[in-house]
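Novice: Input sequences plus hints: build the corresponding full structure.
Protein chains: 2
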Amino acid sequence: MPSTSSPPDPIPTGEAITAAFAGRRVAVLGGLGFIGSAAVLRLIELGAQVTVVDGLLEGFGGDRHNLPETLPDGEIHIVDVREDGLEEILAGAEVVINTVGQVSHQRSITDPIGDLEANCRAQIHILEACRRISPPVVVYAGTRQIYGRAPELPITEAVPAAPVDINGVNKYTGEEYHRIYHEVHGLPTVRLRLTNTYGPRQSLEVGSSQGVVPTFIRRALHGEPLRVYGHGRQRRDITHVDDVIGAILAVASTSETNGHVYNLGSDRPISVGVLAEAIAAETGVQMEYIAYPDELKSIEIGDSWSSYDRLQLATGWRPRVGFASGIAATIEFYRRHPEYWRGG
Amino acid sequence: MPSTSSPPDPIPTGEAITAAFAGRRVAVLGGLGFIGSAAVLRLIELGAQVTVVDGLLEGFGGDRHNLPETLPDGEIHIVDVREDGLEEILAGAEVVINTVGQVSHQRSITDPIGDLEANCRAQIHILEACRRISPPVVVYAGTRQIYGRAPELPITEAVPAAPVDINGVNKYTGEEYHRIYHEVHGLPTVRLRLTNTYGPRQSLEVGSSQGVVPTFIRRALHGEPLRVYGHGRQRRDITHVDDVIGAILAVASTSETNGHVYNLGSDRPISVGVLAEAIAAETGVQMEYIAYPDELKSIEIGDSWSSYDRLQLATGWRPRVGFASGIAATIEFYRRHPEYWRGG
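Top to bottom, those sequences are chains A and B.
Going by our numbering, the residue at position 90 of the first sequence is 90; the numbering climbs one at a time, nothing skipped.
So the number in our numbering is just where the residue sits in the second sequence, counting from 1, plus 1000.
Careful, some of the hints might be misleading.
To be verified - Okay, the calculated bits of chain B under chain A, using three or more residues with CB under 8 Å as the criterion:
#1 1152–1164
#2 1178–1192
#3 1308–1318
Rather than coming from a laboratory, the hints here were simulated on the basis of the structure.
As the structure is a prediction and not an experimental result, all values here were calculated from the model.
From the three backbone atoms N, C-alpha and C, an ideal C-beta is built for every residue, glycine too.
Specialist: Structural data, given as structure tokens:
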């Protein structure tokens, strides 16, 4: 008989995931950042004991207000992972979730050394600490941006990396370190390649991120017209952060994914123009199409979307949050929390 | 009519190369190292004005004795490229030859941060300095080790990088920076992928290099048996440093190679066993076959040889130094110069 079914859970829950994390000691590196804090909040719901590490480095997206003052069953360490002492903080962790890094393409052009520090050196410090404490799993939140201009669509994990800027090179290097530590040292790392993650608690500050979704949302909240570069038909996989956390928890709850790399992806790539239209419709701002700025031309990648078949096969993961509802809920979050953009 | 022709020049000389470098200002980074000093000595012969930069970092293969006290028409700067001032030293250079880096696989395992410093951070400092002074060409001496275990033989430049250790990852990152600075900033970089370079002035110190040729030569000179790991049938391209310098000068003397990447290679890959036999025959030491050490198993890559078709097509380069004569001459060099190995 027909029933009014509730929408699917935005992330895998159910007994399996709850059992996998209830009472478990989980360390989240970059845990005051956008993706890291979402992971922490979800893990608390699941009953995990969470240790948060975040250096709160200027412009990296970490924000002390992303988490409550104290965690119910955990602790927050404001520590740069490059400093001594990380090993002691991580000791006993059963899962390490690594969201450390900086994601600004443009900043990597003006400050390539800073990008190297965040995306390469920090990763070695993390992996060296993990190697000594030997946790059962380390999940690395990487990016599909390492593919650069897609030679074929959808992009599978077999496509060679061909990043178009220093940030992409360094992000790939950090991901590769995770592969090498698995192959050489037996550290059980899993690598995820995220794609255009958006949602609550993402820094909207100018310069923190060049992500198209937060850039549009920031402008829309300020009542500024949304600027679409070029024809706006470049399509992307847009992923709600809840789905990203779902993927992280999914690979962290099985050992079968250890040593492997997985794309995230969507069922419907969205063009930049359609994305702008949706945000403009939700907020009432105007849109304008302008020529691609010269300084960004060399790093424009055209269409880019990924197959998530491998991840689905391994864990059952698929994206659950619809584009329209995800965007609407995200804008609603920022309206309730003007502190995320009023200063920016 | 038949004639007794002399053997071909070990590196491209002739009027074209002499004209390309006579009176030209060439900077050699890592110029007190093995490959760097060979480049400097050759450039002096060709009448270039050479600026040498070398940090003489412990264990990186740089040696003040690799060059004379003063250069006839140049200068030597003992400077770490990561320090300020590189731009001023390089100002006016018409060619920059970049041989900076550290090549020890094993050290990258025990000191991954040190490896990152040498192979990634140093490269960004070099490229940033080059970007500001805008030389007509920057040649980067990279390595075929980035390919890791060859998925097909011979390896062409189209084979994706798949390094097997941190050193390989970082070396690839440094190479990728050179590509990105070309694509994003228009800096005319050329990337070469060297393979098992050997010859005079290579450091034979334990720990400076894990290269199979210098390791065998060091043991042979000390009268120790040559240890071949495993069956010894793994084949490699062995390149004499004179041929490497030939390749560097060849790509530096045309703008057509700018922005591209080129393998070096040989006409006859040599097995590790045959290499050991040749060195043993030349020196009278014994050989022994031993099991592959556990700590090296994860970074053993099996057969690996490369196609140099692309480089030959672009510049006419091909290796000139024969294996047997190259090995004999190299051993002869070290016999005449015991200071290269008596301390080690």
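Novice: Now tell me, hint by hint, if it's right for this structure.
Specialist: Checked hints:
Chain A is given as covering the stretch 1152–1164 of chain B, and this holds because 4 residues of the stretch bring a CB closer than 8 Å to a CB of that chain, at least three being needed. Counting residues of the stretch 1178–1192 of chain B whose C-beta lies closer than 8 Å to any C-beta of chain A gives 3; at least three are required, and the coverage claim holds. With 0 residues having a beta carbon nearer than 8 Å to a beta carbon of chain A, the stretch 1308–1318 of chain B misses the requirement of three or more and the stated coverage is violated.
Hint violations for this structure: number 3 only, all remaining hints satisfied.
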